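Undergrad: Given next are the chains, with one letter for each unit.
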Amino acid sequence: MKIKVTINDIPREYYTDPNEKVRDLLRREAITRVRDGCDSQGSCGACSIILNGKLVNSCLLLSPQIDGKEIYTVEHLSKNRELSAIQTAFLDAGVVQCGYCTPAMLLATKKLLEENNNPTRENMKDTFSGIFCRCTGYEQYFKAVDLAKERLSDPHYVVKLAPEFRENLRVVGKAKRKVDGPKLVRGERAFVEDMVEPGSCYLKVLRSPHAHAYIKDIDTTEAEALPGVVHIVTHKNCPDIYYNQAGQGFPEPSPYDRKLISEKVRHVGDRVAFVVAETKKIAEHALTKIKVDYEILKPVLSIDEAAKEGAPLIHNGNIEYVVGAPDDLDNSCAEKRDGKVIYQFPIHGNPRKNIAASVSGGIGDIDVGFKEADVIHEQTYESTQVQCTPVEPHVVYTRMEGDRLVIHASTQVPWHLRRICARILDISENKIRVIKERVGGGFGSKQDIVLEEVAAYCTWVTGRSIFFRFTREEEFISSRTRHPMRIKVKLGAKKDGKLTAIKMDLEANTGPYGSHCLTVPMNACSKSLPLFLCDHVKFNVTTYYSNIPPTGAYQGYGAPKGSYALQLASHELAEKLGMDHLAFLEKNRVHDGSMLEILRCLGEGREGIPQKVSSCGLGPALEQGAKMINWAAKEKCDDPDVSIGKGVAIIQQGSGLPGLDSANATVSLLGDGTLMLLSGGTDLGTGLDTLTTKMVAEILCVEMQNISMISADTDVTPYDDGAYASSGTFFSGSAALNAAKELKKKILSVASKMLEEPEDKLAITFPGTVQGTNKSVSFQDISRHTQCGTGVGQLTASANFTTDRAAIPYGAHFCQVAVNKRTGEVKVQKYYALQDCGTPINPELALGQIYGGVLKTIGHSLYEQMILDENGRCLNANLLDYKVPMINDVPDDFQAVLVDTDDPFGPFGGKSVSEIACNGAAPAIASAIYNATGIWMRTWPFSAEKILRKLGKI
Amino acid sequence: MVLEFYKPTSITEAIALKNKLGSEALYLAGGTEVNNLFFPVKPKYLISLEGIGLKAIEETDEAIHFGANVLLQDLLENNLTPDFLKVAIKRLVNKNIRNMATLGGHVASNKSCSDIIPTLIACKAALEVVTENETKSILLKDYVTHEKTDLITKIIISKKVLNRTVVSNNYCRSANDVSILNVAISYVKEGANIREPIVVVGGVAKHVICLTAVEEALDGKEMPVREDLEKLVSDNVSPITDIRGTAAFKKYEVGVLAASLLFNN
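Chains as they are written, first to last, in this note's numbering: chain A, 1 to 954; chain B, 955 to 1219.
Hints listed in this document are in silico derivations from the structure and should not be mistaken for laboratory results.
There is no bait here: all hints are sound.
Covered, in the sense of this in silico footprint (three residues per stretch, anywhere, with C-beta under 8 Å from a C-beta of chain A), are these stretches of chain B: (1) 956-962; (2) 996-1010; (3) 1198-1207.
In this text the structure is predicted, and so the values were computed from the model without any measurement.
Every residue, glycine too, gets a C-beta built ideally from N, C-alpha and C.
Start from the sequences and build out the full structure, keeping to the hints where you can.
TA: Here you go:
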């Protein structure tokens, strides 16, 4: 049917199918600003448009419903290339992180300010109430709207929205607009889905309805006969190559325990067949025509079931080792249909007992430590399975360019992705180019290769361009989730509160495959134990295979769970000692200069490196936080059913992996004296591209706009391990810093000859000038000199960054909760996150990272949880039933505070900021609930039902 | 799979289309339910109600008439909408949805977890429904217990109920959660007692239900102690265990919600 609609003041006519959603129609017509995060559930708002004056979800509208109407998209906001007041306000307030929801937020702000020229916080909450942003924690949007309001009347209005650091530096420590920001606020082509060319094929996956089964037979005849079906892959015709999907440095501490498609399915949603077809509809139809005969096996869902004697084995195939095979390796009972498990090196797994990996370690003598103790506390803490829920689901677009495969990816690990795909396709890495597009939220889930290799293989085989995007359900059941864990903590202390012994026995459930099976659980120990100074420490980690949906990396890695267990246990011990929890933390916490011997046994599959703490902001964080929340005061509520409590947790993370991670960058001087930066770093929306640009701008004394940059393109930029383990600032930032320093040397060398002065008499000054004793020369003149026919050529410098030193970020989180003892409801009234990230390179974005991490984990603590039935089927694999925090869930008083420290090893003193923010909410909230009610919440989420049970109400 | 999309311009035309196309046709109001991924029915024909009017909010001497096609957000912004109804509508926190959903569509979806139906029943709202042969009025309380596909044209609240106290409450896990439990109560205050209470709960049965036994126990009598009232309500509901909570939790919680409305207001 034909419809007429006015879009951004231009009348248009379209032929459409009555089933076509308005979102799909707009995207078909190249209006890419409408996004999709919920598959037409109406719960994310990423597809928002203004329809006849109202902000609505275009995913809930059929195209005939807009006939004769007027639509505005974010395209309408900026005139030509000039940004509007609202767009600049968003950039200056630091609310543009991944940018996927940004067009929707901008439209909402436009509507709000059209209707109300002085909106309150409540008005703003109402306006943004339907739009899901997983990155920012929403708090800074309030300031963004205020700024936009002012700028609408005064375009030059400026206000300081974030603290500044380091007076001696021009751009580092100052709020500067994100380098990729203008593109994102304009809603330009930026994400993988925007790169799909007409004529591309669609890929869909037939997924297992069973948690544990063998594929006895599969018949694709009928599906293959369908017109428009291009190719079908099953376990019968896929490569016999094993790999692990974890995007970790090679050789990975994760077993190669899967093929593209295995003969055995190991979770509901596991791969059974891939269909490539000319259209999405044909691909979906073809899935229904594939006949599969399963031999159903008993599923194993919990740690207890997996560990039970005689439990069904998830991987009972051949076990192999690349190096270090144990002498007693026995494959005589291996089941061929189970395939193989190949360990790159021993990580103490035993698939014959469903153990994927294990590790033990410690310092001192734990028995001695407990003997010395006057008081011992022992308790078990459990965390459930939560999902990362980036608003942009996993997505990839693959195509051939000559004899090379090009992968447009939304990934955190472009180089690992290339390596893994090369292995599966059995081709060399030079045949593959990975282009990391803007990533619409990763949060760890995009550290793994969960769909890219499927499209890559199919494109390599068929030669066709292929678009493959997960549905929201697939995001839950087939991407990555947090490992459920059970952590037994035993603590011993003297009467004065001094810890004498810490023991953590940790069991984790990795699900069907061993992605991060060693490192995530270890991280629960390595990012929690070093917070306390104790001579006797012991940990045991065992990770089990099971048939739950796959787990893997999630922002914070294992730390949120380890932190929850150890911090809450420390509070319980403090109570036994009759000691204030804050005083207990102060007595036992790590300090600047502390030697962390425990890290020697917490390496990732090899010996770790003990570290002397180079900077630690815990002292001021605890002091300031206690004042902010008025720690000593007991608050009361007028409602007799409501009790108010306060809690605190100290937290840490890392800044990449010393001795393991590596980053590279190249900086070149262009003809007019401007600069080109090529960074391997992968910006997920965190501001890494801005950070690396600042490194160069600061060292070479140029304006940031005189530096253009390309990042994370395996053909163009140098190698980087990727964005994980909080490595961006320390590793990718330091690589850019080093490259700039190298270029500086070259510039000075040339300038020395041009100015006829020794290099030690020269200095680089702003803007882009080499100043000698009496004369100066500009970068432009230097560049022309070197690039002419008699010159030395273009000045380019590349540098690497590796280190054996750690720049550890610290923090203290305080919260105040109100618990209704009659209803069980918990309201987080105040949340103060005080974090030491060294020098905050991008202060406004650092604040956003903190707010985002905290709000996510408030969600995990209070209501987020994947619910499986007895057959392993996820019952809430959508954003209607799996609740994520929205703007109305933001604490009434929510403050992120940047505690100033200057790390000697970080670039300009910087350390990581994002992941650590996930580690405080669960223990701080659980502690506050205890403070309010006297009950200990030892499993998350702290639902009303659980609280009522603890209170004996039900 | 929608084969045809119809855009009638009158109520008569809409009804004629529905009669002609039969059970494979659905009326389409705002689309937040019918166009949702999880809508259980896949109609062949959609009959859009957008062009048939019914977007007015009007008052007479006796009642306030809400056209079925009035958007929930427009209800919030209209002075004729009673405050107690606005409170209920605001529980549908997502403004994008309120900007699309109509009152008639919301009522017709007849969901057990509706944020608005309990309050409408508590204030004795009636519906004007139109069939090929007649226009009739039906109490919403009766409508929800029967599966009906008749076209709703108006929702009517008598002005007589405006002297009643109408209060509501809900339980949900997070701000944007679909309510797990909803309670609305209306009554006439008479000294320390309440008279003619209407107690309505959602989330404990297939549809929103009235707790007649609770109403009788409260009508004109001395208010029981809070815990007894909680138990009385709990004992009169039979929720099921599902992913959003166990039956035991829902039974307990709905009692607490109901009692809080009478003890905290």
